[in-house]
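Number of protein chains: 2
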Amino acid sequence: MSTELKRPRIGIIGTGAIGGFYGVMLARAGFDVHFLLRSEFDAVRQDGLQIESAVYGDLLLKPVKAYNSAADMPPCDWLLVGAKSTGNVGLAPAIIQAAAPDAKVLVLQNGLAVEDNLREALPDSLHLLGGLCFISVYRSGPGKVVHQAFGRVNLGYHSGPVRSDEIRQSIVEQGAGLFHAAGLESEAMANLAQARWQKLVWNIPYNGLSTLLRATTTPLMSDPQTRALIQALMNEVVQGAQACGHELPAGYAQSLFAMTETMPDYRPSMYLDYQEQRPLELQAIYAEPLAAALQAGCDMVRVRMLHQALTFMDAGNH
Amino acid sequence: MSTELKRPRIGIIGTGAIGGFYGVMLARAGFDVHFLLRSEFDAVRQDGLQIESAVYGDLLLKPVKAYNSAADMPPCDWLLVGAKSTGNVGLAPAIIQAAAPDAKVLVLQNGLAVEDNLREALPDSLHLLGGLCFISVYRSGPGKVVHQAFGRVNLGYHSGPVRSDEIRQSIVEQGAGLFHAAGLESEAMANLAQARWQKLVWNIPYNGLSTLLRATTTPLMSDPQTRALIQALMNEVVQGAQACGHELPAGYAQSLFAMTETMPDYRPSMYLDYQEQRPLELQAIYAEPLAAALQAGCDMVRVRMLHQALTFMDAGNH
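Protein chains in written order, with the UniProt record's numbering: chain A, 1 to 318; chain B, 1 to 318.
To be clear, the hints were calculated from the coordinates, so they are not data collected in a lab.
Mixed in with the good hints there might be a few duds.
FRET-style restraints, in silico, Cβ to Cβ [unchecked claim]: (1) Pro224/A - Pro93/B: 29 to 39 Å; (2) Val89/B - Pro142/A: 30 to 40 Å; (3) Ala54/B - Met259/A: 52 to 62 Å; (4) Gln295/A - Ser140/B: 44 to 54 Å; (5) Arg152/A - Gly141/B: 35 to 45 Å; (6) Val89/B - Ala54/A: 43 to 53 Å; (7) Pro142/A - Leu248/B: 28 to 38 Å; (8) Tyr56/A - Gln239/B: 26 to 36 Å; (9) Glu173/B - Gln275/A: 48 to 58 Å; (10) Tyr56/B - Pro142/A: 23 to 33 Å; (11) Ser140/B - Tyr56/A: 35 to 45 Å; (12) Leu294/B - Arg152/A: 53 to 63 Å.
Please read all numbers here as calculations on a predicted model, not as lab measurements.
Beta carbons: idealized from backbone N, C-alpha and C, even for Gly.
Bound conformation, chain A alone (with noise of 0.2 Å):
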């Protein structure tokens, strides 16, 4: 079992903080990992890649099979895709030059549709899944990543040349393996679109708020106010998954909240890219949950607001 799982060669495209992680603990555990770099790529290949881990100690990875070409990449049957949700369409050529046929392309990245614009781009022979990352880890350097806490990935099949859900749901089996193979918690999701909307009760209120506020977690859950804000930009996702159809399991956001309560001080991916002035995934994050609740019959005023305030700040700041 354990070898049948560490047969299928890995790809990671986007070696940022979530590519880097998680490439480096497929490896660590024996996958065949091949990153694909652009500005990092000398860095790594000189000095390998390093997580800096409050959970698993410091890990080095080195030598990198490092590549600044999705060409010279070998055929890889897994492809994990760490990159921002802002630029998905232009990863497809890399993402087909590195994929074997019949390769699994898994996008590691929050938000709704993320996988829409890609899969218009891919031949129909690739599958397309996507994953959520429950996790704390920031890029502290070139090859470097900080990993505070947690690794879980839930994921879900998007589309591919299969019809068969039982098929499907192998498939989604057979990631999730991945990494449990790799000591990470890992769960196959039947509803992807489910999936997303869970994760969007937290992205939505602390990626928002955090970036608005120019806070990190602990000083938003040490303020009444705030607190508040959370809870209710919260029960408004949560409204907004309903009427798009998907029943979120009893008390979901209060868990997500004591959860974040519990979790060491945390920059969220969206405050850490305003500060470095990236375009932010407003699109994924805000954009499309609102347009799919407003479709629903639901209006989630709070959202809609914080969405209103980032793009202000996002179209000032590079």
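Given chain A, work out where chain B should sit, using these hints.
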């Protein structure tokens, strides 16, 4: 008529941008105006009060009848309070010392219920009025004020020793007459609470969003997302006013929005307070209207969210 209007002696309590501008305009019109100052006393006694006005040109009042203690002021018939609403209770002793018997105290502040705490600290013999200033003005240095546009003061009676609506209205008109004599627009409002709500239709969106987004009015009016948000906030305030029994003139919000488009770029006072690390006037401009509207059955959801975000920012700012 004109000489009779010039008879009242005027005291300015809190000589910032508002107190400085109106005090100089009234002195320029021939009124006997006395200015109470704190940190800027020395500068103003030495260099006078300077208004750099886009409408009236450069105005210099020198020498200034300046005081650093209200005990030294002669008894004033009208006292104009231009200080921040965050410090109203603390102003009562100075007001009492500078007030002639039967004096009129005019609070030139935004927001709701700004007179309530002050009223409790004043003797019953003093008339208390509220004034709303429609003006673009800011303090540029000690004793220096920049006046960009407008100047209208709308005022109404809050409370005092007379019950007769007719007498109250005549006192309000006497107040409006002071500003008319100084060449300024001014309207005697029959209903102070309604006048305050009308002013909030501007202050709630622009003061809050400019602070939240660190932006002056022109960029806020140039982005389609913030334009839509401003209009949504304005509509909520109009609904809040309606719930509290104030039917605002038809098209009132739209006219304020259109007026702001023609304004020179402006930094609302709350944004300026934030930048200079002064406490924000959140109680008067947000908390009081939110509570009043909620009690009347109207939950101003966006206004509440803005208030929550601003409270978080304010708490970390001084």
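Hint-by-hint comparison with the structure:
1. Pro224/A - Pro93/B: 29 to 39 Å: Since Pro224/A and Pro93/B have Cβ atoms about 33 Å apart, the given range 29 to 39 Å holds.
2. Val89/B - Pro142/A: 30 to 40 Å: violated (57 Å)
3. Ala54/B - Met259/A: 52 to 62 Å: holds (55 Å)
4. Gln295/A - Ser140/B: 44 to 54 Å: holds (50 Å)
5. Arg152/A - Gly141/B: 35 to 45 Å: violated (57 Å)
6. Val89/B - Ala54/A: 43 to 53 Å: holds (49 Å)
7. Pro142/A - Leu248/B: 28 to 38 Å: violated (58 Å)
8. Tyr56/A - Gln239/B: 26 to 36 Å: Since Tyr56/A and Gln239/B have Cβ atoms about 54 Å apart, the given range 26 to 36 Å is violated.
9. Glu173/B - Gln275/A: 48 to 58 Å: holds (55 Å)
10. Tyr56/B - Pro142/A: 23 to 33 Å: violated (59 Å)
11. Ser140/B - Tyr56/A: 35 to 45 Å: Between Ser140/B and Tyr56/A, where Cβ atoms are some 57 Å apart, the hint is violated.
12. Leu294/B - Arg152/A: 53 to 63 Å: Because 40 Å falls outside the window, the suggested range is violated.
Violation of the numbered hints given earlier is confined to hints 2, 5, 7, 8, 10, 11 and 12; the remaining hints are satisfied by the structure.
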